[in-house]
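Enquirer: Protein chains in written order, with the numbering used here: chain A, 15 to 75; chain B, 624 to 1095.
Calculated directly from the structure, the hints in this document are not laboratory data. Glycine included, every Cβ here is placed at the ideal spot set by N, Cα and C. Any given hint could be a false lead.
Residues from chain B that face chain A, not an exhaustive set, calculated with beta carbons under 10 Å [claimed, not checked]: (1) Q881; (2) I885; (3) N934; (4) G966.
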Amino acid sequence: MPERADVERVRALVGTNVTDEHAQTLATYYASLSQAVAAFATDELRAVEPPLRSIPGPARA
Amino acid sequence: MTDLCELNIADLAPLLQKREVSPLELVDAHFERIERMDRKLNSYIRLMPDQARAAARTAEAEIGRGEWRGPLHGVPVGIKDLFDVAGVPNTMGSKILRESVAETDATLVRRLKDAGAIVLGKHNLHEFAFGITSENPHFGAVHNPWDLTRVPGGSSGGTASAIAAGLCVVGIGSDTGASIRAPASWCGIVGLKPTYGRVSRAGGLPLAWSLDHPGPLARTVADCATVLQAIAGPDSRDPATSHEGVPDYSADLDAGVQGIRIGVPREHFFELVEPEVARLVHEAISTLEALGARVEEVSLPHAAHAQAAGNVIMSVEAAAWHERWLHERSADYGPDVLQRIRGGLLVQATEYLHAQQLRTLLQADFAAAFQRVDVVLGPTMPLVAPEIGRTLEPSGAFNMAPRAIANRLTVPCNLTGMPAASVPCGFSAGLPVGLQVMGPAFGEPMVLRVARAYEAATSWSRQPAGLAAQAA
């Protein structure tokens, strides 16, 4: 069961019109995503870049 | 004569070219069948009979003048209702876009039309393409033609259901985590997610920019190759499209698998897979080995984290695109899709970037594997099609909700951008099972060649879907 602080954080990010029940569902959903990412091997992540690149430009006319 | 609606492009093209079948006759046969069967399947959101018949008359006149454009000329196709078709709404399966009429064709629709294909209509899908079941709250659930109580898969569920039942010859779907391969597997047809950048996304509404892959669905591998040929290639409207040369995708289809090196993953791809699904896939790999392929184990240690990374990236990128509607139109979303998109608003930037970094690690896993093998094989889906309305309930051999595990074997190739196909490899309890064939970037010719070799050696692709069999 998410804590009150989690529910309030959901409201702050998603909107105040969210019901308690929906906010709790969202907090649980986010917690599962966050835990899954936390399980990635930190040392391996530090060794690689994400596949995001700046695209140089525009080229000189 | 065989029902016209059961013929594939390879059968139809010579008949159309020689004027033994007319495009109008073919289009009419499909609309008659749709009228008879789609009340049960709900695979189409919109039919376009006037436009289709006008296009069929044009095709008929062109072919009559000897101006045959190629194997798609006069062939009826369906388009997932996520790609623009000029003059009709592009709903993306949503209430929000129900009246949003497209002014121009998506690039791939334009290319299909240029090749002579005739658009019959637009297919139902999971709302905003964000789901695996095609249980759509606004347009109704799509049904699986093998068992009407089951989902067809998603999000391109209407497309797969329609093709399997003979309500169009081929179709176009999109795949962000599974959405071409999942419905292909569960409906017993072939689906190909091409390499990222191989097919233009222009005119298709996004789910997640960095994961979206448009591609073909068909009843045969050869038909997938024919459709890919028509839609592949660079497009100035989509900056992500590649200038890599477009090969002849049909040239090596029947070259067989003698000496081809097949990799079977040691990790992940056979974990949490229903035993009968795993057995059928191992049997398919043995069939390819008997045809001359060499099989060896490969290691993909980061595949276990792919589903988490994919779900994070999908939710965040979807939230960025939907943000205004999430605040202004939240009541117009179905509850499951609203939850997953809103979830993206909660993810921290560092978590999103860690998910992106995981892509790099997974790329390295596959790069090492492709040093040793030509393709990697595994199941497409860990389970067969679940029942409509029960996809969130724990069930099956592992007592897990189908929606929780459905994309765990397909999303790795969305993260890496590699091509992957699903080809039918048998039945479990009367429901289709798919073999997934994964290849290196721009390796579609090899993926299709291996899939075709398996298809040619077996009879799974020649079995009409249950509902279609009743109608025949």
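Enquirer: Evaluate each hint against the coordinates.
Expert: For each hint, the structure was consulted:
1. Q881: violated, 36 Å
2. I885: Violated - the Cβ of B/I885 stays beyond 10 Å from chain A, reaching only about 27 Å at its closest.
3. N934: holds, 6 Å
4. G966: holds, 5 Å
When held up to the earlier numbered hints, the structure conflicts with 1 and 2 and fits the remainder.
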